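Undergrad: If you want the building blocks of each chain, they are given just below.
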Amino acid sequence: MTLEETYFKLGGNYEKVIKLLKSPVLVRKIALKFIDDKSFELLEKSFNEKNSSEAFRAAHTLKGVCLNLCFDRLCLTSVEMTEHLRQGNIDDKAVEIFGRLKEDYLVTISALKELRTVIEKQ
Amino acid sequence: MKNRTIKPKILIVDDSPINRTLLSNILGEEYEIIEAENGAEAIAILENFGIEITLVFLDIYMPKIDGFGVLEVMREKHWSDNIPVIIISSDDSGEHIEKAYEMGVTDFIGRQFDAAVVKRRATNTIMLYSKQKLLEDMVANQIYEKEKNSNMLVNILSHIVEFRNGESGLHIIHVKIFTEILLKTLVSITDKYKLSSEEISIISIASALHDIGKISIPDAVLNKPGKFTDEEFKIMKTHSKAGAEILEQLTLYKNEPLVKTAYEICRWHHERFDGRGYPDGLKGDDIPISAQVVAMADVYDALTSERCYKKAFSHEKAVEMILNGECGEFNPILKECLKSSAGNIKNELVHISSAGSPEAKMPEITPEILSRGELSSFKRVMCMLGCEREKNKFVSDFCNDIIFEYKLDPSILTLSAFGAERLGLDKSIVNPLEEPAVINRIKATHNTRKDFKEYLSEDKETITEYKCDIIFGNETKPAKVILKKLYSFDNKPKYIGVVGKIIEL
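Those sequence lines, one after another, are chains A and B. So for the first sequence, my numbering puts the first residue at 1; every next one is plus one. So for the second sequence, my numbering puts the first residue at 1; every next one is plus one.
Treat the hints with caution; some may be incorrect.
So the derived label-pair ranges between C-beta atoms look like this [as the list claims (entries may be wrong)]: (1) Gln-87(A) to Pro-63(B): 18 to 26 angstroms; (2) Asn-48(A) to Asp-409(B): 36 to 44 angstroms; (3) Thr-445(B) to Leu-76(A): 53 to 61 angstroms; (4) Asp-409(B) to Gln-87(A): 30 to 38 angstroms; (5) Asp-114(B) to Gln-87(A): 28 to 36 angstroms; (6) Asn-51(A) to Lys-453(B): 28 to 36 angstroms; (7) Val-139(B) to Gln-87(A): 45 to 53 angstroms; (8) Gln-87(A) to Asp-191(B): 34 to 42 angstroms; (9) Lys-38(A) to Leu-408(B): 44 to 52 angstroms.
Some chain B residues flagged as far from chain A (calculated, every beta-carbon gap over 12 angstroms) [unchecked claim]: (10) Glu-35; (11) Asp-91; (12) Tyr-101; (13) Phe-113; (14) Leu-222; (15) Glu-231; (16) Lys-234; (17) Glu-405; (18) Asn-440.
Treat the hints as calculated values from the structure; they're not laboratory data. The model shown is predicted, which means the values in this text are computed figures rather than measured ones. For glycine and all other residues, C-beta sits at the position ideal for the given N, C-alpha and C.
Using the sequences plus the hints, can you model the full thing?
TA: Encoded structure:
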């Protein structure tokens, strides 16, 4: 599996990320680092603890990372999450958005992990 | 030896490791990257590196202290005058951008960004700022050179007079140092004379001219070995007025502060506080403070020097004689200053006599400019600071000691790497006194019940040592804490913080 295929799988924009960050090696390095990124974990934790300001910050960080990496699918849901939490409410709507966001997150992570396994085997 | 080029330092402040890695990778080739994962850490780093940081990339949303918090401290401490900040944020709401610009940031980069654009903006910003800094340095150096030259001229002029008198030139140097120390002590204990750093500097320079009137004294009198007759003494006494007249007749510069001050000093440095001096018999504070201080300095140096008619008195004896009024009466406030700075005066004068040149001391920069804080970019000072910090960092990273530093403004506690690990605390903690994790970890002493917080506050003891219980990780153990209080080197020393060490018992 190539980096381009991974991007396709996780709903990202490969062409754009290469155009922006120039180096495929750098993109791959940063993308794989996303597997260990703690922002989603923090978002989920703060979400469960009903800590909306911390949840907002985590969603915002997640959004930033997705923007930089052109993970468009996860980016859309995290933008939606961020904007909703900016108002400060963890309500039913927030739970609904979070559900979709988690789904996108898991798709992204699974695609990235697959790439990591392939690279490790090489 | 390996060629070690020094790359400019960039500070990247972002709570997301991914974002930091991305920027480091983009910029790492051309710059040395320092990373901070929150505002508190960023402030500690800025405090430590100062203007060695050439650029800050700053995120807005962060735990502990956010981007705006960092900008606020940077503005308060005038760091933003010299260190440009570029905000990187995915939050491109107009409100935030505007607030950021208002708080003095140079640029705003939204996510997603183009790596090439980030690089280009970094270079442009740094170039712009370094050009400005270069200009400031040039101005500062010119001022320094100028001040050095005029200082030198004053000293040569005074030396001519001394030379004729068969003296070595040390006298004027001693008088100058004595004057400076006494004036600094004076402003630290009273506001009565309202002297700025600049005025102190002018009085110190002008003190060198106090005896120029001796140029008008005939050789036969001036260099007579042994005691003067009444008639000769009368002639000698004319030197103070004569010096003032020389200055008064200057066509140019008559109204310059330096000349005016020199006039006061020349004319009245033999007046005494009780009105028994000469030439005008002025009393009390009718004698300008400049002349009062130089008078004391002159007497002190005369007492501690050997003359053909007398031996040199010891420093202690000379101070005692002045305080007892054996050389005429002085202002009680100045006597108090002499008492409290006697040790300092002795040290400095011994240092000068053995080291020879006073030029070896730190350069004097026009205080007005120094106080504006803009020309702290003096390269040599920076180099010294850099070396000190490297030494410090080495010691603190590799020693298995719990070393800490507490700074007051902004309030930050910094721990050595080992210390942070041993105590289970962050390496830098903002507002540590409000932080239960810190305060509860270091317990109150057994006997006095004084706690860490009290020990960190200002008091007279400079070095304190006490025993208490400390929680290391999860385990409470007895320990010894040694603290040294730090004070600024200003005219009025200000309490700035503490360095200390914790020793497990």
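Undergrad: Please test the hint of 28 to 36 angstroms on the beta carbon pair from Asp-114(B) and Gln-87(A).
TA: Check passed, 32 angstroms falls within 28 to 36 angstroms.
Undergrad: In this structure, is the beta-carbon distance linking Gln-87(A) and Asp-191(B) contained in 34 to 42 angstroms?
TA: violated (54 angstroms)
Undergrad: Holds or violated: 28 to 36 angstroms for the Cβ distance of Asn-51(A) and Lys-453(B)?
TA: holds (29 angstroms)
Undergrad: Are Asn-48(A) and Asp-409(B) spaced within 36 to 44 angstroms by their CB atoms?
TA: holds (39 angstroms)
Undergrad: Taking the minimum C-beta separation from Asn-440(B) to chain A, is that value above 12 angstroms?
TA: holds (23 angstroms)
Undergrad: Hey, does Tyr-101(B) actually stay past 12 angstroms from chain A on C-beta?
TA: holds (20 angstroms)
Undergrad: Note whether the CB distance of Asp-409(B) and Gln-87(A) lies within 30 to 38 angstroms or breaks it.
TA: holds (37 angstroms)
Undergrad: Given a hint of 45 to 53 angstroms, does the C-beta separation of Val-139(B) and Gln-87(A) actually sit inside it?
TA: holds (52 angstroms)
Undergrad: Would the non-interface assignment of Glu-231(B) survive a Cβ cutoff of 12 angstroms against chain A?
TA: holds (90 angstroms)
Undergrad: If you check the beta carbons of Gln-87(A) and Pro-63(B), does the distance land in 18 to 26 angstroms?
TA: holds (21 angstroms)
Undergrad: Does the hinted range 53 to 61 angstroms hold for Thr-445(B) and Leu-76(A) at CB?
TA: Hint holds: Cβ distance 59 angstroms, inside 53 to 61 angstroms.
Undergrad: Confirm or reject the statement that Lys-234(B) sits farther than 12 angstroms, beta carbon to beta carbon, from all of chain A.
TA: The claim holds: Lys-234(B) sits with its nearest Cβ about 85 angstroms from chain A, beyond 12 angstroms.
Against the hints set out earlier in the document, violations occur for numbers 8, 9, 11 and 13.
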